[in-house]
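Number of protein chains: 2
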Amino acid sequence: MSHRHQTVLAASFEPVRGQRLSTMIVEQLQSAIFSGAIAEGSRLPPERELMARFEASRASVQEAVHILERTGLVVIRRGAAGGAFVTRPDFLKIGSMLKLMLQANRFALGELYEARLLIEPGGAEIAARLATTEDISNLRATIQFHREIPADMPSPIGRNFHYLLACITANPLISMLVSSLLGVAQAYRLQQPLATRSERLLAHEQITDAMEARDGVLARQILETHLRCLLRQAQQS
Amino acid sequence: MSHRHQTVLAASFEPVRGQRLSTMIVEQLQSAIFSGAIAEGSRLPPERELMARFEASRASVQEAVHILERTGLVVIRRGAAGGAFVTRPDFLKIGSMLKLMLQANRFALGELYEARLLIEPGGAEIAARLATTEDISNLRATIQFHREIPADMPSPIGRNFHYLLACITANPLISMLVSSLLGVAQAYRLQQPLATRSERLLAHEQITDAMEARDGVLARQILETHLRCLLRQAQQS
DNA sequence: TCCGTCTAAATGTCAGACATTTGGTAGGTA
DNA sequence: TACCTACCAAATGTCTGACATTTAGACGGA
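Residue numbers (the numbering used here), protein chains in the order written: chain A, 19 to 255; chain B, 19 to 255.
I should point out that these hints are in silico values taken from the structure, not numbers from a laboratory. C-beta: ideal position from N, C-alpha, C; glycine also. Errors might be hidden in some of the hints.
Derived Cβ-Cβ restraints for the label pairs, each shown as a range [said to hold, decoys possible]: (1) Ser75(B) x Ser216(A): 51 to 59 Å; (2) Arg95(A) x Gln162(B): 53 to 61 Å; (3) Phe163(B) x Arg95(A): 43 to 51 Å; (4) Arg95(A) x Gln46(B): 24 to 32 Å; (5) Ala77(B) x Thr151(A): 52 to 60 Å.
DSBU-like, lysine-lysine: derived pairs with alpha carbons at most 35 Å apart [unchecked claim]: (6) Lys111(B) x Lys111(A); (7) Lys111(B) x Lys117(A); (8) Lys117(B) x Lys111(A); (9) Lys117(B) x Lys117(A).
The task is simple: from the sequences and hints, build the whole structure.
Pasting the structure below:
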């Protein structure tokens with residue numbers, strides 16, 4: 019056993035050096051979840067049973083399940099009827115994770131606005147087509163909300179005008195992407211707010227007006243101008 | 019000790035129910051990394067030492083470090099001079115995680131194209147401004163590559179026309195978003211390819227031609243038309 | 001009916017051991 | 001000197017078995 023390196027010209031050159039056990043378990047569970055073999059809301063087998071199935075220690079199994087929870091694929095409840103329940107990662111959680119990782123690479127602020135400029139104006143146009151009167155009044159309420167709270171208080175994402183706008187598109191992919199970008203933006207903005215509050219509120223109001231008039235093109239233009247202005251400022255600083 | 023629930027009107031109502039140990043360790047290490055207290059490229063203390071610092075078991079510490087690795091914040095090397103080295107998550111890795119989470123929510127194919135329609139045409143316009151002759155020949159090489167490989171063989175992301183296009187924007191945020199969306203798209207496309215190969219290749223060639231002519235608007239239009247056509251098909255099916 | 005209490009199932013954590021990987025070092029040999 | 005080999009030590013990977021904690025539900029008494 020001590021002469022493993024004197025291998026006698028093995029037929030297969032594949033190293034197949036196993037990954038970490040927990041990683042492989044994660045992958046198997048993931049594909050089981052994606053394939054629908056484990057339905058949403060149902061419970062994964064308890065750890066002891068997974069141990070037996072994967073022929074791994076509890077530590078490895080547990081780490082795998084914890085990673086799944088961190089990814090947002092399951093929630094773990096302790097106690098008698100507890101366990102790991104398959105769930106759907108809500109896109110706020112996804113956004114916050116993305117934000118975290120974006121934060122690690124330090125992007126230029128300009129790059130951020132450039133990306134927003136790609137998504138949001140087009141999103142506004144779609145939103146204008148779909149907005150209900152309730153959506154509109156939601157937007158107005160948010161504007162009012164921001165008018166009242168102190169400027170230094172960061173507002174929750176649910177009260178963010180741009181996020182609400184994205185949600186109106188009824189395309190979860192879009193709202194997710196926007197919420198991620200906004201999360202990154204927030205981390206930057208704490209350092210240096212680019213637009214004055216009144217400028218921002220004015221733009222938001224104009225956009226809402228345009229949407230109420232069902233003028234998608236106008237809404238798009240205003241948002242585009244607004245963001246492009248911020249982009250220029252960001253590139254200068 | 020068995021009457022814990024008869025708490026005598028605690029002064030603080032905060033449950034402060036401790037999170038998982040590994041989670042708290044992850045957070046501390048993360049903020050240490052983000053703050054720069056642990057420089058990029060340097061090594062985290064070995065597990066035994068982290069055990070002592072956090073007063074936790076090796077299992078907890080190890081799980082935390084593994085999670086950091088999964089997040090892309092460190093790479094772990096085994097062996098003598100091994101350990102967890104602080105690194106920067108490259109955006110392909112981030113993109114793949116985003117893709118994973120997008121995949122978990124099952125989107126309609128139409129929503130996917132709608133999102134791509136927001137990002138990619140604008141991205142193409144930016145790319146047309148910045149493309150070098152080398153970029154152009156890269157694009158052509160990719161088209162040729164796809165012309166030659168069998169249709170059923172999935173191509174690597176580095177050979178994906180749309181991804182290359184996004185990379186030319188020189189905005190890592192954009193390439194990341196696009197690569198994520200493409201990843202999701204790939205999972206779908208295995209089921210049903212919407213565009214015929216010749217249609218796709220033709221569109222790609224036209225876009226490249228437009229970029230070579232520095233006609234950003236045209237490149238944008240072609241890509242937009244192409245995607246919008248696919249979107250319509252997706253909505254019908 | 002409304003409580004407390006107990007129980008069992010499940011996760012959370014720990015300690016210690018052994019296995020594996022891998023860089024470096026010391027020594028021998030051409 | 002240059003190269004190869006064997007060995008060592010540091011570090012992560014994994015397992016085992018135990019104990020701690022949480023919590024839903026069952027059981028029973030006022």
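Each hint tested on the structure:
Range check, Ser75(B) to Ser216(A): about 54 Å between beta-carbon atoms, so the 51 to 59 Å window is met. With their beta carbons about 54 Å apart, Arg95(A) and Gln162(B) fall inside the hinted range of 53 to 61 Å. Separated by about 49 Å at the C-beta atoms, Phe163(B) and Arg95(A) satisfy the suggested range of 43 to 51 Å. Distance hint check for Arg95(A) and Gln46(B): the Cβ-Cβ separation is about 25 Å, which falls inside the suggested range of 24 to 32 Å.
A hinted range of 52 to 60 Å holds for the C-beta pair Ala77(B) and Thr151(A), which are about 55 Å apart. The suggested pairing of Lys111(B) with Lys111(A) holds, with an alpha-carbon distance near 18 Å, which does not exceed 35 Å. For the suggested pair Lys111(B) and Lys117(A), the alpha carbons sit about 14 Å apart, so the restraint of at most 35 Å is met. Only pairs whose Cα atoms come within 35 Å are accepted, and Lys117(B) paired with Lys111(A) is accepted, the gap being roughly 14 Å.
About 14 Å separates the Cα atoms of Lys117(B) and Lys117(A), which keeps this hinted pair within 35 Å; it holds.
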